[in-house]
Structure formats: structure tokens, C-alpha cells
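With chain A's structure known, arrange chain B on it following the hints.
Protein chains: 2
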Amino acid sequence: MIAKTPKPPYYAVIFTSNRTEGDLGYSEMAVEMEKLVEKQPGFLGFESARTEVGITVSYWQDLESIRNWKENEAHAIAREKGRKTWYQNYKVRIARVEHDYGFERENLKSQ
Amino acid sequence: MIAKTPKPPYYAVIFTSNRTEGDLGYSEMAVEMEKLVEKQPGFLGFESARTEVGITVSYWQDLESIRNWKENEAHAIAREKGRKTWYQNYKVRIARVEHDYGFERENLKSQ
Numbered sequence: 747m748i749a750k751t752p753k754p755p756y757y758a759v760i761f762t763s764n765r766t767e768g769d770l771g772y773s774e775m776a777v778e779m780e781k782l783v784e785k786q787p788g789f790l791g792f793e794s795a796r797t798e799v800g801i802t803v804s805y806w807q808d809l810e811s812i813r814n815w816k817e818n819e820a821h822a823i824a825r826e827k828g829r830k831t832w833y834q835n836y837k838v839r840i841a842r843v844e845h846d847y848g849f850e851r852e853n854l855k856s857q
Numbered sequence: 747m748i749a750k751t752p753k754p755p756y757y758a759v760i761f762t763s764n765r766t767e768g769d770l771g772y773s774e775m776a777v778e779m780e781k782l783v784e785k786q787p788g789f790l791g792f793e794s795a796r797t798e799v800g801i802t803v804s805y806w807q808d809l810e811s812i813r814n815w816k817e818n819e820a821h822a823i824a825r826e827k828g829r830k831t832w833y834q835n836y837k838v839r840i841a842r843v844e845h846d847y848g849f850e851r852e853n854l855k856s857q
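Chains A and B supply the protein sequences, listed in that same order.
So for the first sequence, the numbering used here puts the first residue at 747; every next one is plus one.
So for the second sequence, the numbering used here puts the first residue at 747; every next one is plus one.
Just chain A, same shape as in the assembly (with noise of 0.2 Å):
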């Protein structure tokens, strides 16, 4: 699913990693993880795949709401989770989105 966020300016939260072998309670989290964000004041949305590397995007209304689920205490032991167990290595990038266009197929509609 592509998230359905408002107009710029809003904050991405760009979560790029690669895991260690094994599940190890990785699903579990994501699942408890997804349903915490959404609660999150400021949460927008979000996109993710893995093919090799993983990418997460998630994306808030403005710094403070990314700074408040930082905080989160169950995401915080997530993170901690994950540098112990689940990642071989991740880069988190935090971008001002500016400006944003898209594209849908006709026949979606029309069909």
C-alpha cells in the first residue's frame, strides 16, 4: 500500500536495514509495533518491502511526533531487540518531505 499523506510540507522517516538469519520474534514485534504507531499523534503513514535490504518509510506530521514515538517505551525495547537480535546493520535518515506527485492507471477506476 502506498500511504495516503497530506499535502507537503511532513516528515519521513526513511528505516533502511539488513536482518540476521531466523525470524527470533522479529514477526511478532512488527505486528505489536504497527498497531502501537498507529495510535502515535502525528503518524501519517507508512510503506515498507524487503527484498535484500529492508526499507521502512513512515511518515509524521512534524519532528516532535517522530521525537515522542522515539520515546515509546515498548518501541525503545523493540530497538533494543532489534540491535541484540534482529539487524546485521540499518541507517535511519530523517527528511523534510517538500513537495510530492503521483500517478494512478485509468482503468483502475474505470474497470
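Please keep in mind that the hints were generated in silico from the structure rather than gathered at the bench.
A hint or two may mislead.
Claimed, not checked - Capping the alpha-carbon separation at 27 Å, the derived lysine-lysine pairs in DSS-like fashion look like this:
| hint | chain 1 | residue 1 | chain 2 | residue 2 |
| --- | --- | --- | --- | --- |
| 1 | B | K837 | B | K827 |
| 2 | A | K827 | A | K816 |
| 3 | B | K816 | B | K837 |
| 4 | B | K750 | A | K837 |
| 5 | B | K837 | A | K781 |
| 6 | B | K781 | A | K753 |
| 7 | B | K781 | A | K837 |
| 8 | B | K830 | A | K830 |
| 9 | A | K750 | B | K816 |
Keep in mind the model is a prediction, meaning the values are calculated, not measured.
Showing chain B alone in chain A's frame:
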């Protein structure tokens, strides 16, 4: 691969898409575009993954570099073919990376 990007600020183009069925020449174009983009001035790297949705994030020195790549003729033809053939829908977000940090597992180095 996680892109090796310089110290912020720099720019990210977040391209999220849903494909149509079948390859239809997509893979060949993707390889060609990858070769081309690497020659573009101001191009810093990219990351790409697809599960259901596809996410490609390319990183750039500045907005002018992004604009120049958009005006590249072969790239413009590929985008046109994308709207005609390869994509159900997509969204492009242009964002200024303001802050980044990473993690790398210790045993990657010591083993």
C-alpha cells in the same frame, strides 16, 4: 545494500509503486536506468526493495541534480513507458534529509 551517503543535508527521492502483472521489459529498463543514474552529477546512491509495494529511494546532493536527472531523455522515455505499461500507480516524494544515524553489528568486523 544500504547507500553510503555523506553527512546531511542532502536530498532523498522516495518512489513508491505498485507494478502491473508480468515483466514486459521492466527488468531490462531497470538495469539500464541504474547504469545511467550512476553517471549523473550529484547522485549519491540508492536503495530498492519490493514485497507487494516497491520502494526505491535515491539520494542526491541537491534539488538541481534531481531536476537534471528528471530531464534526462532516456529517463523521461522510461517514465513514460512506466505510466503506459509497468505501474498501476506510484507516488514520488522529494525530501531533504536533515539528520541520519546508523548501527552496525560488532561481529561483522571481528569475525
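### Task
Would you list, in rising numerical order, the hints stated earlier that this structure does not obey?
When the structure is compared with the hints, numbers 6, 8 turn out to be violated.
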